[in-house]
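S.K.: Fit chain C to the known structure of chain E by using the hints.
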Amino acid sequence: MKKAIISFIVSALVLAGLALWATKGRFSGNAGEILMGAIVLVVVGFAVFLGVSRLRSGLRREPCEDEMSRKVMTKASSLAYYISIYLWLFVMYISDKTSLEAHSLVGTGILGMAVTFVLCWLGVKAFGTKIG
Amino acid sequence: MDNRIRELRARLGISQLELAQIVGVRRETIVFLEKGKYNPSLRLAHDVAKHFGLPIEEVFIFN
Numbered sequence: 010m011k012k013a014i015i016s017f018i019v020s021a022l023v024l025a026g027l028a029l030w031a032t033k034g035r036f037s038g039n040a041g042e043i044l045m046g047a048i049v050l051v052v053v054g055f056a057v058f059l060g061v062s063r064l065r066s067g068l069r070r071e072p073c074e075d076e077m078s079r080k081v082m083t084k085a086s087s088l089a090y091y092i093s094i095y096l097w098l099f100v101m102y103i104s105d106k107t108s109l110e111a112h113s114l115v116g117t118g119i120l121g122m123a124v125t126f127v128l129c130w131l132g133v134k135a136f137g138t139k140i141g
Numbered sequence: 232m233d234n235r236i237r238e239l240r241a242r243l244g245i246s247q248l249e250l251a252q253i254v255g256v257r258r259e260t261i262v263f264l265e266k267g268k269y270n271p272s273l274r275l276a277h278d279v280a281k282h283f284g285l286p287i288e289e290v291f292i293f294n
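The listed protein sequences derive, respectively, from chains E and C. In this text, residue positions in the first sequence follow my numbering: the first is 10, and each later residue adds one. In this text, residue positions in the second sequence follow my numbering: the first is 232, and each later residue adds one.
Just chain E, with the same shape it has in the complex:
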């Protein structure tokens, strides 16, 4: 239950940060920024989904986490870490080819890692913990 509440608080903070960036920051509304905002929303949506799922388990008097949910998390994390190494190599390659600023590249890499984790989690959920 505590973890569910923490994920809601973190999601709310990220959404507040996104709203501040969109209204008071240097948001110009170009396609790249809209795409980045959409990716952040997907990642926040995933965190909210996990929080809701834990809350529902709590209401059904089941444990919020059990051995399988921990194994899914561990498996998804290890897969995401492995893929992220290649993602960062790709980001380094892109940094040589484009004139993007360092903070944009780091932001893109971190968002890429978050999306990779979400995709790995969905993959492990869909195909079971025996994959990978």
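No lab work stands behind these hints, which were simulated from the structure alone. Some hints could be false.
As the list claims (entries may be wrong) - When the alpha-carbon atoms are kept at most 25 Å apart in a straight line, the in silico BS3-like pairs for lysine-lysine are as follows:
#	chain 1	residue 1	chain 2	residue 2
1	E	Lys134	E	Lys80
2	C	Lys281	E	Lys84
3	C	Lys268	E	Lys134
Claimed, not checked - Here are the computed distance ranges between Cβ atoms for each label pair:
#	chain 1	residue 1	chain 2	residue 2	range
4	E	Leu22	C	Leu273	37 to 43 Å
5	C	Leu285	E	Phe136	49 to 55 Å
6	C	His277	E	Leu22	41 to 47 Å
To be verified - Take a look, some chain E residues computed to stay more than 10 Å from chain C by CB distance:
#	residue
7	Gly34
8	Phe36
9	Leu50
10	Leu59
11	Arg69
Glycine is no exception: its CB is placed at the ideal position from the N, C-alpha and C atoms.
M.R.: Just chain C, lined up with the frame of chain E:
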């Protein structure tokens, strides 16, 4: 590894949620077990088999 959880559960007439609550896991874990998408820990396999009153090797079939 295959298992007979669905069959044994139907024989006892208990739902996935009830079995999950008895062995202390989430209902989703029972769903994954029945679909063969998850291999349980020895502890969980023991608890499930104990609930059905059978030895582990009669509930979980090693291929």
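S.K.: Each hint: holds or not?
M.R.: Hints and how they fare:
At most 25 Å may separate the alpha-carbon atoms for a hinted pair to count; E:Lys134 and E:Lys80 meet this at roughly 10 Å. With a CA separation close to 28 Å, the supplied pair C:Lys281 and E:Lys84 exceeds the 25 Å bound. For the hint linking C:Lys268 to E:Lys134, the alpha-carbon distance of about 9 Å falls within 25 Å, and the restraint holds. E:Leu22 and C:Leu273 have their C-beta atoms about 40 Å apart, which keeps the hinted 37 to 43 Å range intact.
A C-beta distance of roughly 29 Å is found between C:Leu285 and E:Phe136, which places it outside the suggested range of 49 to 55 Å. Checked against the hint of 41 to 47 Å, the C-beta distance between C:His277 and E:Leu22 comes to roughly 42 Å, which is consistent with it. Separation of E:Gly34 from chain C is adequate, the least Cβ-Cβ distance of about 40 Å exceeding the 10 Å criterion. With 10 Å as the threshold on Cβ separation, the claim that E:Phe36 sits away from chain C holds: the shortest Cβ distance comes to roughly 39 Å.
At roughly 25 Å, the least C-beta separation between E:Leu50 and chain C is larger than 10 Å, which holds for a residue marked as non-interface. No beta-carbon of chain C comes within 10 Å of the beta-carbon of E:Leu59; the shortest separation is about 13 Å. Taking the minimum C-beta to C-beta distance to chain C, about 7 Å, the non-interface status of E:Arg69 is violated against the 10 Å cut.
The structure fails to meet hints 2, 5, 11 from the earlier list, while all remaining hints are met.
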